[in-house]
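2 protein chains.
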Amino acid sequence: MSETLPQSVLSGSRLSLTRLLTQVENGTDEGRQALSELFPHTGKAHLLGVTGAPGTGKSSLVNQLALHYRQETDPPRRVAIVAVDPSSPFTGGAVLGDRVRMKDLAGDPDVFIRSMASRGSLGGLAQATAAVVQVFDSAGFDVIMIETVGAGQSEVDIARLVHTTLVVEAPGMGDDIQAIKAGILEIADILVINKADRPGVEATERALKAMLELAHPVKRVFRHHGQDMEVPVQKDAPGGGLWLSPVLKTISTSGQGIPELAGAIEQHRSYLLHSGDWVERDRSRLRAELDTLIQNELLARFRRETQPAVYEQALALVLEREKSPWEVVRELVNGSHK
Amino acid sequence: MSETLPQSVLSGSRLSLTRLLTQVENGTDEGRQALSELFPHTGKAHLLGVTGAPGTGKSSLVNQLALHYRQETDPPRRVAIVAVDPSSPFTGGAVLGDRVRMKDLAGDPDVFIRSMASRGSLGGLAQATAAVVQVFDSAGFDVIMIETVGAGQSEVDIARLVHTTLVVEAPGMGDDIQAIKAGILEIADILVINKADRPGVEATERALKAMLELAHPVKRVFRHHGQDMEVPVQKDAPGGGLWLSPVLKTISTSGQGIPELAGAIEQHRSYLLHSGDWVERDRSRLRAELDTLIQNELLARFRRETQPAVYEQALALVLEREKSPWEVVRELVNGSHK
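Chains as they are written, first to last, in this note's numbering: chain A, 1 to 338; chain B, 1 to 338.
In case anyone wonders, no lab produced these hints; they're calculated from the structure. Don't be surprised by glycine CBs; every beta carbon is placed ideally from N, CA and C. Some clues are possibly wrong.
To be verified - From the structure, some residues in chain A lie toward chain B, with a derived Cβ separation under 7 Å:
| # | residue |
| --- | --- |
| 1 | Leu-105 |
| 2 | Asp-108 |
| 3 | Trp-243 |
| 4 | Gly-263 |
| 5 | Gln-267 |
| 6 | Tyr-271 |
| 7 | Arg-283 |
| 8 | Arg-287 |
| 9 | Ile-294 |
| 10 | Gln-295 |
| 11 | Glu-297 |
| 12 | Leu-317 |
| 13 | Leu-319 |
Stated by the list, open to error - Below, in silico cross-link-like pairs of lysine to aspartate or glutamate (EDC-like), each with a Cα-Cα straight-line distance of 20 Å or less:
| # | chain 1 | residue 1 | chain 2 | residue 2 |
| --- | --- | --- | --- | --- |
| 14 | B | Lys-44 | B | Asp-282 |
| 15 | B | Lys-209 | B | Glu-260 |
| 16 | A | Lys-323 | B | Glu-322 |
| 17 | A | Lys-44 | A | Glu-3 |
| 18 | A | Lys-249 | A | Glu-320 |
| 19 | B | Lys-249 | B | Glu-205 |
| 20 | B | Lys-323 | A | Asp-74 |
| 21 | A | Lys-323 | B | Asp-291 |
| 22 | B | Lys-44 | A | Asp-74 |
| 23 | B | Lys-44 | A | Glu-320 |
| 24 | A | Lys-44 | B | Asp-291 |
| 25 | B | Lys-44 | B | Asp-277 |
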């Protein structure tokens, strides 16, 4: 009797893994069914998000981390890399990145790299990425790194998927970049200044630490009887801990600072496990996934139950500005279950 | 008898416009009701998307275009600017941009600037932006510019909202930026090299034109009997026209190139109107909006009809990896309408 696709993935077949990833990315019924069967095997991998602006050297940093997990940890960890490029409806920078990686990591059966371009649909990429990550998780990869290009909604979405978010910067970014950092810092569990052999590294470090202080204040200042007062911020993690995002310097071309970065990632993992945040992040991720699936299922049912002609007629009324979108939607949704 | 909020917006009250924008952004029932009443008055404005990486000078370019529409066109156009910052859950660069703008445009009652930060929810920002644009459209603004930070899903979403998309570049961007450009070029109706007084402008222009050629080939090459053959691409716009995205150079600090840019924007508008693409873009935008509203309405009804305890129990089963998300969603959705 031959193995099913999920069984074959669980027993370590790389070919089956590749096949399943394609099924899942394309959203086929077979892929969904297989993922459903594999789901009980998920929840063990450490999910890392790596984000940063173009030019910060994210890809080679991810590369070096993967090498570290393969060669410097005991036992070696199985590593999956998911390179997400939301700016490209087609393949783009991500594929280029893979080629560069191949030299160091090619041929290692316990490293798997997958590029993902935009599905072209709102939220589609985050959903597809979540599904691909679950496949790797069930297939027994210990560390799954999700790399995405910075400055956009996309990495906030990716941050929701992972346990630990690395935000990568490089020295010498302009003032305009500083202005958009505030939002990204909110999601950073670890800040990395890569290319730390370049001029301006001290200025970047000072700026990042100042912004971190603003984003995650250890003390809060308020006015009391006309005087500034400082009070310590309550430790608010479930387990009573408080994580202060560290700023680390790396040079990914030489590998300098990589062991320290891997150490900080490990510390964050311990923090999550001890504080209860690991379970909390799992819960909020799965809640968001349920909500998305519920929406999709409801929409699919609506489509089955609504005549295309009725829908097109409603759209025509909106196009002619005779009715507003809200009016026709109310009529469509209430009409569809009479 | 006092005017309703929509009436007051239609008769030009700036105070009512501000109030309605806040209602709409916060998704209140009053805002939705007012927008529904105003909807028949939409569909007239020219919607411009302006996107590009940080540091390209997008904001001051938008500023200069607004000044041009106020001072150099006859009759002067009423201009709204929506500055979208998806990287920031809070206020950020966008607000900074407004301050800079104020010096030139403050006090002009026919210019309105609105900053929008991320709603924090997937797709929420694009939806809120669409609603804010409809408010401006109904209030009689002739040109509505939607400015967003480059490199992400967000500007692909914004491109779906608008008639004409400007992609702004600047000389001297690195190779890594080149790699991500391919996707952005797909959405560009007009390419602008801003800061064109900087070194490297010719190289940037050559690179952009080469990539445009790839993205929108005028001729296609294929192999035939071992030889490369060139065939012209079919003109495939509904009206038989074909728009070839021009590359323009501007210096937004001095205003150089702005009249030419405004001319190209006007040409694109004529092209859209004559080719039938104006109506097509309207149709696909409204279709997407209907689908989103249908999803929201279906989800709202599901929430009303599903006991919170039932939902939480289902989530707990998923967290324990006893059931997959797909299984519980099927049960929840089918169970909710028994």
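Check your understanding: Which of the numbered hints are not met once you compare them with the structure shown?
Key -> 1, 2, 3, 4, 5, 6, 12, 16, 17, 18, 20, 22 and 24
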